[in-house]
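Colleague: All chains should be built: construct the whole structure from the sequences, respecting the hints.
Per numbering that gives the first Met the number 0: the sequence shown = residues 0 to 427.
Bear in mind the hints are in silico, worked out from the structure with no lab data behind them. This one's a predicted model, so the numbers in the text were calculated from it and none came from an experiment. Please note that the accuracy of each hint is not assured.
Okay, derived cross-link-like pairs now, DSS-like style, lysine-lysine, Cα gap no bigger than 27 angstroms in a straight line [what the hints assert, rightly or not]:
| no. | residue 1 | residue 2 |
| --- | --- | --- |
| 1 | K347 | K129 |
| 2 | K102 | K43 |
| 3 | K293 | K191 |
| 4 | K373 | K251 |
| 5 | K102 | K265 |
| 6 | K373 | K245 |
| 7 | K245 | K376 |
| 8 | K251 | K303 |
| 9 | K119 | K14 |
| 10 | K347 | K119 |
| 11 | K376 | K4 |
| 12 | K191 | K303 |
| 13 | K43 | K4 |
| 14 | K43 | K91 |
| 15 | K76 | K91 |
| 16 | K348 | K119 |
| 17 | K293 | K245 |
| 18 | K102 | K19 |
| 19 | K265 | K4 |
| 20 | K25 | K14 |
| 21 | K222 | K102 |
| 22 | K102 | K91 |
| 23 | K265 | K222 |
| 24 | K102 | K25 |
| 25 | K4 | K373 |
| 26 | K4 | K25 |
| 27 | K102 | K4 |
| 28 | K25 | K55 |
| 29 | K420 | K191 |
| 30 | K119 | K25 |
| 31 | K76 | K43 |
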Amino acid sequence: MLDIKFLRENPELVKENIRKKFQDHKLPLVDEVIALDEQNRAAKGEGDALRANRKKISSEIGNLMRQGKKEEAMAMKEQVTRDSQRLEELEKLEAELSEKVRKIMMTIPNIIDPTVPIGKDDSENVEIQKYGEPVVPEYEIPYHTQIMESLNGIDLDAAHDVAGNGFYYLLGDVARLHSAVLSYARDFMIDKGFTYCIPPFMIRSNVVTGVMSFDEMEAMMYKIEGEDLYLIGTSEHSMIGRFIDKILPEEKLPQTLTSYSPCFRKEKGAHGLEERGVYRIHQFEKQEMVVVCKPEESWDWYNKMWSYTVELFRSMDIPVRTLECCSGDLADLKVKSCDVEAWSPRQKKYFEVGSCSNLGDAQARRLGIRVNGKDGKYLAHTLNNTVAAPPRMLIAYLENNLQADGSVRIAKALQPYMGGKTEIRPGK
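Modeller: Given below as structure tokens:
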């Protein structure tokens with residue numbers, strides 16, 4: 000969320016940023032919020048004047064009563080009554096206008112970084128770099144659920160009977176591989192100096208609106224009926240929420256955290272063939288990384304964070320590439336974002352397995368996350384990035400480590416988490 004003072008002083012810059020994000024329908028909101036803010040400040044100014052005058056009149060009434068000037072004192076009391084009534088009207092008006100301003104400000108997108116490529120949607124994202132050689136073997140790579148079924152590792156039919164579409168049972172060594180990836184990702188990030196955390200898996204609405212845009216909230220979040228609670232779509236939500244209304248000592252920054260959680264998502268809309276199976280689902284598990292830092296350090300952390308994901312995937316023999324997200328593909332709170340995509344030898348293309356984002360001070364402004372520095376208080380910067388999110392990561396792993404005989408290699412990094420196994424062989 001932008002600072003209203005910044006918008007007030009830079010309306011054309013804000014409008015140009017909206018155009019870059021191809022959200023022209025939001026352009027009228029800039030002038031609307033400026034007008035509402037002006038009304039709000041006028042109401043506040045009048046209210047402040049009435050409060051100051053009330054104190055002055057109260058003192059004068061006392062003097063008049065002591066001087067026996069009862070009629071003049073009563074006239075002033077009537078004026079105080081009228082002023083009090085007007086003040087009550089103004090306070091109600093201030094609250095209404097403030098809420099209108101807040102709601103509009105929460106829909107106006109954050110100012111994107113100048114280096115972000117301009118484009119309408121993810122089809123215009125820009126490749127940055129490839130890591131590892133993408134290989135298409137001579138033998139066929141089956142669809143990922145077929146690989147899992149050959150390993151006796153999945154039951155989609157039972158999951159459909161129990162919960163419907165978008166759910167799965169993982170079994171045996173495939174389930175163990177899933178857990179091994181998460182455990183390895185956890186230890187990988189701990190070795191990078193991050194503090195391991197298991198957060199709440201439900202959060203209140205004020206945290207939801209603090210960490211994401213209204214559009215994202217509607218498309219993703221499951222609401223708990225009858226309670227002010229939502230199931231998290233990613234642990235980033237509750238991890239950033241941990242700092243709500245906190246004033247952090249500057250010497251305690253950066254806060255570097257890696258968290259495990261299940262994730263729950265509506266995943267609205269129809270999806271193609273390659274998005275069936277366990278690619279796009281309502282429930283999955285994830286290892287995340289979150290950083291809360293000083294503004295001048297956020298770009299260093301941004302580059303470190305996505306590089307950690309690349310390093311993790313390469314340590315498991317999975318070729319990846321990084322993509323710069325274009326302006327139209329950025330969520331409204333994000334300043335800049337890049338995706339990490341893994342190579343699919345079956346599809347002969349890359350697919351998204353993680354995303355790294357710098358949100359500047361947008362989340363901190365919404366949630367009231369401030370830093371107590373030597374020169375005063377200021378808003379922190381927040382960043383988040385996917386470490387590993389099975390089962391998408393599992394799809395990439397199985398496809399890139401499938402051997403001609405149908406067995407799956409276990410990367411050296413994962414072998415300690417798989418009881419020393421070097422491969423998973425097809426079952427009967």
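Colleague: Take the hints in turn and mark each one as holding or not.
Modeller: The hints, checked one at a time:
For the hint linking K347 to K129, the alpha-carbon distance of about 14 angstroms falls within 27 angstroms, and the restraint holds. Straight-line distance between C-alpha atoms of K102 and K43 comes to about 19 angstroms, which keeps the hinted pair within the 27 angstroms bound. Among the hinted pairs, K293 with K191 is consistent with the structure: their alpha-carbon atoms are about 19 angstroms apart, no more than 27 angstroms. Among the hinted pairs, K373 with K251 is consistent with the structure: their alpha-carbon atoms are about 13 angstroms apart, no more than 27 angstroms.
Our distance criterion of 27 angstroms between C-alpha atoms is met by K102 and K265, whose separation comes to about 24 angstroms. Distance restraint check for K373 and K245: the Cα-Cα separation of roughly 17 angstroms lies within the 27 angstroms cut-off, and the hinted pair is therefore satisfied. Between the alpha carbons of K245 and K376 the distance comes to roughly 11 angstroms, so the proposed pair stays at or under 27 angstroms and holds. For the given pair, K251 sits about 19 angstroms from K303 by alpha-carbon distance, which is consistent with the 27 angstroms threshold.
For the proposed pair K119 and K14, the alpha carbon gap of about 16 angstroms is at most 27 angstroms, so the pair holds. A distance of roughly 25 angstroms separates the Cα atoms of K347 and K119; the hinted pair therefore holds under the 27 angstroms criterion. Distance check on the hinted pair: K376 and K4 sit about 17 angstroms apart at the alpha-carbon level, within 27 angstroms; holds. Only pairs whose Cα atoms come within 27 angstroms are accepted, and K191 paired with K303 is accepted, the gap being roughly 10 angstroms.
For the hint linking K43 to K4, the alpha-carbon distance of about 16 angstroms falls within 27 angstroms, and the restraint holds. Note on K43 and K91: the hinted pairing holds, with a Cα-Cα distance of about 11 angstroms set against a maximum of 27 angstroms. Simply put, K76 and K91 have alpha-carbon atoms about 23 angstroms apart, close enough for the 27 angstroms limit, and the pair holds. Restraint check: the Cα-Cα separation between K348 and K119 comes to about 21 angstroms, which is no more than 27 angstroms; the hinted pair holds.
Note on K293 and K245: the hinted pairing holds, with a Cα-Cα distance of about 14 angstroms set against a maximum of 27 angstroms. Between the alpha carbons of K102 and K19 the distance comes to roughly 22 angstroms, so the proposed pair stays at or under 27 angstroms and holds. Straight-line distance between C-alpha atoms of K265 and K4 comes to about 36 angstroms, which puts the hinted pair past the 27 angstroms bound. The suggested pairing of K25 with K14 holds, with an alpha-carbon distance near 8 angstroms, which does not exceed 27 angstroms.
The straight-line distance between the Cα atoms of K222 and K102 is roughly 20 angstroms, inside the 27 angstroms bound, and the hint therefore holds. Of the pairs offered as hints, the one joining K102 and K91 holds, with about 17 angstroms between alpha carbons and a cut-off of 27 angstroms not exceeded. Distance restraint check for K265 and K222: the Cα-Cα separation of roughly 10 angstroms lies within the 27 angstroms cut-off, and the hinted pair is therefore satisfied. Restraint check: the Cα-Cα separation between K102 and K25 comes to about 13 angstroms, which is no more than 27 angstroms; the hinted pair holds.
Of the pairs offered as hints, the one joining K4 and K373 holds, with about 24 angstroms between alpha carbons and a cut-off of 27 angstroms not exceeded. Among the hinted pairs, K4 with K25 is consistent with the structure: their alpha-carbon atoms are about 18 angstroms apart, no more than 27 angstroms. Between the alpha carbons of K102 and K4 the distance comes to roughly 16 angstroms, so the proposed pair stays at or under 27 angstroms and holds. Restraint check for K25 and K55: the C-alpha separation of about 45 angstroms exceeds 27 angstroms, so the hint is violated.
Restraint check: the Cα-Cα separation between K420 and K191 comes to about 26 angstroms, which is no more than 27 angstroms; the hinted pair holds. The suggested pairing of K119 with K25 holds, with an alpha-carbon distance near 15 angstroms, which does not exceed 27 angstroms. Annotation: proposed proximity of K76 to K43 holds, straight-line Cα distance about 23 angstroms (limit 27 angstroms).
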